[in-house]
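Kindly produce the complete structure, drawing on both the sequences and the hints.
Protein chains: 2
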Amino acid sequence: MFSFELIAHSTESRARAGMVRTSHGVVETPVFMPVGTRGSVKSVTPEELLAVGAQIILGNTYHLYLRPGCDVIGSFAGLHQFMHWDGPILTDSGGFQVFSLAKLAKISEEGVTFQSHLDGSSHLLTPEKVIDIQNCLGSDIMMCLDDCIQYPATRKDSLTALEITTKWAKRCKQTWRESETEHNALFGIVQGSMYTDLRQRSAEELMIVDFPGYAVGGLSVGEPAEVMLEMADYTLPILPDTKPRYIMGVGTPENLVELVALGVDMFDCVLPTRNARNGQIFTQFGTINISNAQYKEDTEPLESGCKCYTCRNYSRAYLRHLYMARELLAYRLNTIHNIHYFISFMKQMRQAILADKFESFRKDYYQKLEN
Amino acid sequence: MFSFELIAHSTESRARAGMVRTSHGVVETPVFMPVGTRGSVKSVTPEELLAVGAQIILGNTYHLYLRPGCDVIGSFAGLHQFMHWDGPILTDSGGFQVFSLAKLAKISEEGVTFQSHLDGSSHLLTPEKVIDIQNCLGSDIMMCLDDCIQYPATRKDSLTALEITTKWAKRCKQTWRESETEHNALFGIVQGSMYTDLRQRSAEELMIVDFPGYAVGGLSVGEPAEVMLEMADYTLPILPDTKPRYIMGVGTPENLVELVALGVDMFDCVLPTRNARNGQIFTQFGTINISNAQYKEDTEPLESGCKCYTCRNYSRAYLRHLYMARELLAYRLNTIHNIHYFISFMKQMRQAILADKFESFRKDYYQKLEN
Chain Z
70 MFSFELIAHS TESRARAGMV RTSHGVVETP VFMPVGTRGS VKSVTPEELL AVGAQIILGN
130 TYHLYLRPGC DVIGSFAGLH QFMHWDGPIL TDSGGFQVFS LAKLAKISEE GVTFQSHLDG
190 SSHLLTPEKV IDIQNCLGSD IMMCLDDCIQ YPATRKDSLT ALEITTKWAK RCKQTWRESE
250 TEHNALFGIV QGSMYTDLRQ RSAEELMIVD FPGYAVGGLS VGEPAEVMLE MADYTLPILP
310 DTKPRYIMGV GTPENLVELV ALGVDMFDCV LPTRNARNGQ IFTQFGTINI SNAQYKEDTE
370 PLESGCKCYT CRNYSRAYLR HLYMARELLA YRLNTIHNIH YFISFMKQMR QAILADKFES
430 FRKDYYQKLE N
Chain P
70 MFSFELIAHS TESRARAGMV RTSHGVVETP VFMPVGTRGS VKSVTPEELL AVGAQIILGN
130 TYHLYLRPGC DVIGSFAGLH QFMHWDGPIL TDSGGFQVFS LAKLAKISEE GVTFQSHLDG
190 SSHLLTPEKV IDIQNCLGSD IMMCLDDCIQ YPATRKDSLT ALEITTKWAK RCKQTWRESE
250 TEHNALFGIV QGSMYTDLRQ RSAEELMIVD FPGYAVGGLS VGEPAEVMLE MADYTLPILP
310 DTKPRYIMGV GTPENLVELV ALGVDMFDCV LPTRNARNGQ IFTQFGTINI SNAQYKEDTE
370 PLESGCKCYT CRNYSRAYLR HLYMARELLA YRLNTIHNIH YFISFMKQMR QAILADKFES
430 FRKDYYQKLE N
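So the sequences go chain by chain: Z and P. Here our numbering = 1-based position in the first sequence + 69. Here our numbering = 1-based position in the second sequence + 69.
Treat the hints loosely; a few may be bogus.
What the hints assert, rightly or not - With beta-carbon atoms standing in for the labels, derived distance ranges:
id: 1; chain 1: P; residue 1: Pro293; chain 2: Z; residue 2: Ser92; range: 53 to 61 angstroms
id: 2; chain 1: Z; residue 1: Lys426; chain 2: P; residue 2: Asn361; range: 52 to 60 angstroms
id: 3; chain 1: Z; residue 1: Ala120; chain 2: P; residue 2: Ile307; range: 46 to 54 angstroms
id: 4; chain 1: Z; residue 1: Ile76; chain 2: P; residue 2: Arg381; range: 30 to 38 angstroms
id: 5; chain 1: P; residue 1: Arg381; chain 2: Z; residue 2: Ser92; range: 18 to 26 angstroms
What the hints assert, rightly or not - DSS-like mimics (lysine-lysine), calculated; alpha carbons at most 30 angstroms apart, straight line:
id: 6; chain 1: Z; residue 1: Lys111; chain 2: P; residue 2: Lys365
id: 7; chain 1: P; residue 1: Lys376; chain 2: Z; residue 2: Lys111
id: 8; chain 1: Z; residue 1: Lys376; chain 2: Z; residue 2: Lys432
id: 9; chain 1: P; residue 1: Lys111; chain 2: Z; residue 2: Lys376
id: 10; chain 1: Z; residue 1: Lys365; chain 2: P; residue 2: Lys172
id: 11; chain 1: P; residue 1: Lys172; chain 2: P; residue 2: Lys225
id: 12; chain 1: Z; residue 1: Lys172; chain 2: P; residue 2: Lys365
Calculated from the structure, these hints are not laboratory results. Backbone N, C-alpha and C define an ideal beta-carbon position, used for all residues, glycine too.
See below:
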């Protein structure tokens with residue numbers, strides 16, 4: 070069921086527009102995927118996600134495995150039915166959260182042992198097990214277990230992590246091929262820290278294993294933005310043109326426009342949702358903080374001309390009031406706007422690529438920010 | 070613009086069905102009014118309130134006066150536009166919160182001084198000022214400033230509070246008549262603590278002042294439910310049959326059915342919304358606590374047969390998961406169900422009164438609870 074079709078290439082950059090087909094529907098790329106960590110994109114319903122134009126969402130295997138667990142989600146034939154989202158779902162492998170959230174994470178060739186951040190219970194995640202879990206979740210796009218090394222990392226440690234990542238990728242692929250859900254996709258994840266030759270080696274090893282799509286992992290882990298872009302710039306052209314390319318956990322609108330220019334098709338990031346809950350609002354004119362006193366009596370919407378539910382019905386003054394009063398509705402209305410902004414931004418980029426006007430779109434974007 | 074029309078009387082009890090007309094629309098009574106304390110019924114949008122059948126909501130003058138303040142809400146020509154709710158709004162006078170939330174509340178004949186619970190700033194609320202504030206909010210139904218005495222109270226203190234309440238009611242009425250919003254309604258509030266003769270005196274004094282509607286205040290302040298019902302039973306028949314009767318801050322579904330039987334037309338209470346946020350769900354079969362482990366893999370909706378958005382789309386297992394993970398969506402989905410339950414319950418009572426089958430409805434209600 071899974072396929073990727075390239076629709077258009079920018080003639081002025083490596084930007085490209087495509088179409089991902091999954092058992093739960095079509096995804097137009099480049100695409101931004103809102104993050105539904107624990108089976109809910111925080112504060113919003115699936116209907117609201119559809120209304121802001123979301124085509125695919127992300128779920129976190131680590132969180133869902135620990136709570137509510139596969140026994141519960143299994144009773145619902147998967148995450149789609151459990152959370153009432155009928156569109157495509159991509160799940161990560163859990164590796165990133167094991168290293169960033171769990172306690173006492175220890176890597177061996179077998180897999181990674183860790184203690185739950187919730188109750189301290191001990192767990193072992195192997196390449197085979199993360200595929201089983203993602204099968205239970207019913208993911209349309211599964212990710213391989215990878216060893217996502219922290220930044221900065223020595224060359225030696227980065228090489229070791231890369232080698233384990235390749236070994237695990239092979240075992241993930243094997244388990245995926247033997248499972249009944251081969252119609253869903255499995256993506257490999259390129260590692261290699263900030264070493265270009267290791268990035269190249271990781272990409273080439275994964276391409277030999279052969280996946281329906283490739284992610285660039287281990288970025289946006291604390292390195293400067295220019296290093297992140299440099300690594301992406303180096304790694305992306307190595308990956309096959311005919312497969313979707315996904316950069317994990319990135320990023321700001323500026324990151325997105327630069328990475329689309331480099332040929333990235335898929336993005337996920339908690340930025341629009343998390344920052345919404347902290348009062349930071351994204352607009353084409355830059356970010357605003359809704360708690361700012363200047364909005365106290367401001368009858369204008371968050372962003373002039375925006376067509377999201379929040380901007381059509383509420384003023385900055387009301388949203389500031391809700392936020393200052395810590396009203397639950399504040400988080401949701403801000404989230405709706407921010408997700409709408411990120412998704413609309415990607416759609417505009419896609420339109421610009423289709424019209425082969427991506428470079429002028431990029432210029433316009435920066436000009437608006439400066440005004 | 071304000072009017073009240075009696076449509077039907079139960080022949081077996083004092084239950085009655087009516088119609089309140091306001092500048093922002095019609096309210097069918099008996100009615101339950103969800104509480105939008107600070108310009109938001111916590112966690113839900115106006116569209117969701119309409120979807121669960123809400124016809125009128127309540128706003129708290131004390132909270133809105135302190136934050137965001139009349140200067141802000143005044144920029145929006147009132148609370149309706151500010152919060153994007155186009156239906157009728159009833160606002161209380163702020164008196165109850167001054168005594169329950171603010172610090173150093175001191176009563177004089179002039180009014181009540183207090184310190185804000187937010188920043189300790191000093192304020193004076195007079196009968197004239199609470200009408201001005203409610204005019205600024207654009208309330209469809211305003212309430213008089215009253216002296217809501219704590220429970221238990223001595224007869225002497227209750228009498229003093231009653232006398233001040235009557236004096237303030239006269240001044241409120243005077244200010245309301247002189248203001249430009251006389252087309253909106255002003256209700257008097259009967260006090261008198263738990264002394265029937267004081268209740269009678271308060272009601273009679275207010276009826277001489279003459280209001281478009283009457284509330285019974287000072288109930289549900291800590292007294293046993295049977296005392297509350299006894300006071301309501303005694304006070305309600307004194308009030309004119311041709312005016313709406315409102316019991317403030319009550320109550321449980323059992324309270325509602327008993328008070329409707331005694332002839333109450335209007336109710337407000339934070340119970341469905343606050344308890345939703347604590348995981349307590351109201352159903353016709355009694356309450357359930359969604360955190361209970363028995364719901365871990367329960368694929369059924371909160372209440373079988375319920376037509377609310379939550380029950381149509383989500384399982385107990387998912388709602389339990391959201392609640393245990395403290396996901397923001399949990400509070401909203403639980404709130405939607407609970408408000409829907411309270412409002413549907415009132416609508417069923419109204420239908421029963423119209424069909425003159427209220428007593429059999431009441432019996433059925435208790436039978437379902439026992440099963």
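Tested hints:
1. P/Pro293 x Z/Ser92: 53 to 61 angstroms: Distance hint for P/Pro293, Z/Ser92 holds at roughly 59 angstroms.
2. Z/Lys426 x P/Asn361: 52 to 60 angstroms: Holds - the Cβ-Cβ distance for Z/Lys426 and P/Asn361, about 57 angstroms, lies within 52 to 60 angstroms.
3. Z/Ala120 x P/Ile307: 46 to 54 angstroms: holds (51 angstroms)
4. Z/Ile76 x P/Arg381: 30 to 38 angstroms: With a Cβ separation near 37 angstroms, Z/Ile76 and P/Arg381 satisfy 30 to 38 angstroms, so the hint holds.
5. P/Arg381 x Z/Ser92: 18 to 26 angstroms: holds (24 angstroms)
6. Z/Lys111 x P/Lys365: Holds, because 21 angstroms separates the two Cα atoms, which is no more than 30 angstroms.
7. P/Lys376 x Z/Lys111: holds (24 angstroms)
8. Z/Lys376 x Z/Lys432: holds (23 angstroms)
9. P/Lys111 x Z/Lys376: holds (24 angstroms)
10. Z/Lys365 x P/Lys172: holds (26 angstroms)
11. P/Lys172 x P/Lys225: holds (24 angstroms)
12. Z/Lys172 x P/Lys365: holds (26 angstroms)
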